[in-house]
Amino acid sequence: MLLADLIVENLTKKYGDVVALNNVSLKIGSGEIVGLLGPNGAGKSTLLKIIVGILRPTSGTVVLDGIDILNEPEAAKKIIGYLPENASLYTALTVTEFLQFVGKIRAVSDQDLDSKIPESLRAFDIEDKKNALVGSLSKGTKQKVAIIASMLHDPRFLVLDEPLSGLDPKTQRFVNQWITITASRGVTVFLSTHNLDIAQDYANKIAIIDRGKIVAVGELNSLRKMANTKDDARLGDVFLKLTESG
Amino acid sequence: MLLGETALSAFLLFAGSTFLSFSTRFGQSGGAQITEASWGLVLGFYLIGLVQSGFSGAGLPFVSADVDYVFTAPVRTTEVFTAKVLLNSVTTLLAFPPIFFLYLRATFFYDTPVITAVVAGLVTLVFFFMGLLFSADITLAQRSNLGRRMSILKYLLIGLILAASMMPLITLIPGAQSSLLLGVIHLLPSGIVAEITVGLVGDLGIGLGSYVFDFALLLVWLAGFSIIGVTMSRRQFYELLQVTNPDQSDASGNGRGVISKLNPEGKSVWSVVRSKERILMSRTKEARGLIFSALILSVFLVIYSLAGTFTSSPTSFLLILFIIGSFGSGNAMSWIEKERLWILKTSSISLRAYVKNVFLARATPLLLFLTPAIAVVAGLLIPGNLGKPEILLSIVLALIGAVQIAAITMGGSMYFAARYAQSSNDDILAVQAQNLTNIKRFVFQTAFNLLMVGPLMLLVLAAGWLLGFFGIDTLVPLGIMLAIAGLGYSVIILNSVLNRAGDSIRRREDL
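Sequences listed follow chains A and B, in order. Under the numbering used here, the first residue of the first sequence carries the number 1, and numbering increases by one thereafter. Under the numbering used here, the first residue of the second sequence carries the number 1001, and numbering increases by one thereafter.
No lab work stands behind these hints, which were simulated from the structure alone. Just so we're clear, the structure is a prediction, and the values are computed from it rather than from any experiment. You can take every hint at face value.
Over 10 Å on every C-beta distance to chain A, these chain B residues come out as not near it, computed from the model:
hint	residue
1	1082
2	1096
3	1112
4	1129
5	1183
6	1221
7	1299
8	1371
9	1387
10	1451
11	1458
12	1462
13	1465
14	1471
15	1488
16	1493
Here are the simulated BS3-like cross-link-like pairs (lysine-lysine), alpha carbons at most 30 Å apart as the crow flies:
hint	chain 1	residue 1	chain 2	residue 2
17	B	1261	A	139
18	B	1261	A	130
19	A	116	B	1261
20	B	1267	A	130
21	A	116	B	1267
22	A	213	A	78
23	A	14	A	241
From the three backbone atoms N, C-alpha and C, an ideal C-beta is built for every residue, glycine too.
Take the sequences, apply the hints, and build the full model.
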């Protein structure tokens, strides 16, 4: 049995009268790739932002590897890597400067930075962009830079919000492969996506959220049973069935 | 808006009284003439502020939505330019009621008809609008491919206009007046408006018809800036939208790309934060605006000390410095627009410490520029006042206080930015600073800053009295004690306000 890496219990987030998250509970085990699916406005980004410490919940708890994020946010942030949707980067810094800055504020040692940055740029095939201003990069290249930045401090838990959004097919495949390799090294990955095929092919577990509530969590087969669909039903059909009935 | 207008009007009614009585204390000639020189200087500073915003890219209030929707629509760029400047002028129109109250106060002082205040206010509005066009032109000119020679000419012209705006101050220096100087001043927009408005409300015995030429000249300035803006907007508009091409971004023009300057090896995280800030300021031309503010402030310090009025009232010097310090605080306001707060909020660093280091990176150049200017002023004023211990003490404390006031107003502005301003996600137009359009917020920020620096001013005010109370023999120990008290107060206030800024960022969920 895998140890649970992330435990979310009874998480609620309200903005005045609007309930963005309603009593959400979730468990994610170490080394799993969990896909978070949901319609637009379901609360995916809100949930991810609470986990990484950008937002504070109205009630509920989030415990990451035994660390309560709300009480010990600094300790929790040291082991979380985060890729936001449409990551906004420092456009007037070069790629190298940006990664050096992020690495430094995430307490990566100078020695590690010296080796990791060139290695990562090579791995992502953007070594020729090392002195390019971030603002001059294409969307796909910016996304690669943001992904590198999320991993510089060797996080044990990776939160990715729509990592494939706006990427061309070649870059999407690259990112998917990278996610798989990262998870194979024991990093737990929690990602939100609208791309159901990707979620079906790469995620160990799927969590479906709709109108602020977790509608279903589990492997694809168990979701199929929940949705009362055929054994070979695509995730898309399962998703629509589960969210329509909500 | 109502609250802001009321507060500003009340402030100007009070400040107008102070201004009018202050301007007649020079004792050089008639009161209204000196009011004209002083008002010309104030208007000149307004222009300087707009030039500064033009340098920082705030001269054109475009947003990212304009790129996708307005610029792709079949609308002429000249129409977009005109519409945007008109939109920017809405806040300028809101300045009319307070300005009217200022002129109204002057009509009471000089016993002139109220209608003159209305006419003066309308003339000033034309000036304000012209200033907006000037600022827009500077922003457009920043991106224009004029070539090296024309670019040098462009900056020379801007420098001349700025220097000319400071000229009225020179007239306050005993013996510095000349007919040539006065003639030049009266050709400049700020001088023209000061001449017309003060002439009207000050009842200098000249009929309204005599100002027709002056008003026509003002309209020529307005037309000139409009034509320049429209012409440039046709050519340069889309350049504003261009993201810097790394092949062209090398300062030497060799096209080799940008050289990474951060070099974190061996540095602490806070040293890297400060380096990052300096790099961002230099590459987004913000450093230019900061140096500009520092230069203006330094020149003002030196010229004002030569005017001889400082020795009669060191606190008036501080009050004016506070106003001038607002120019520097404008740079502090924009700090949060360049931040990517999701990176900071997902790291384990202290946001309080982060804000303080950003402050250090931003304030240090300004203060470093001020220090030599203050040393020059000290060299001018102290020797001549060695025999007047009370004045001497006030001078020394005021000079030290000037640096502290500049730092505190910057810190206060950073706090307000952290509290209310928006972080920009506009990658393409990242260099366009977001204008502060909320007049209420601006009034509160100004009041907040004034409250914070008030004790320092009181310290200078009380210094002479305290010396008289304790005796001349206590000059040195009292001076040291008061200086330490002032410094201690500044450190405590700055620490508190920057801590609040860090806490605001941590708490805000909309950034």
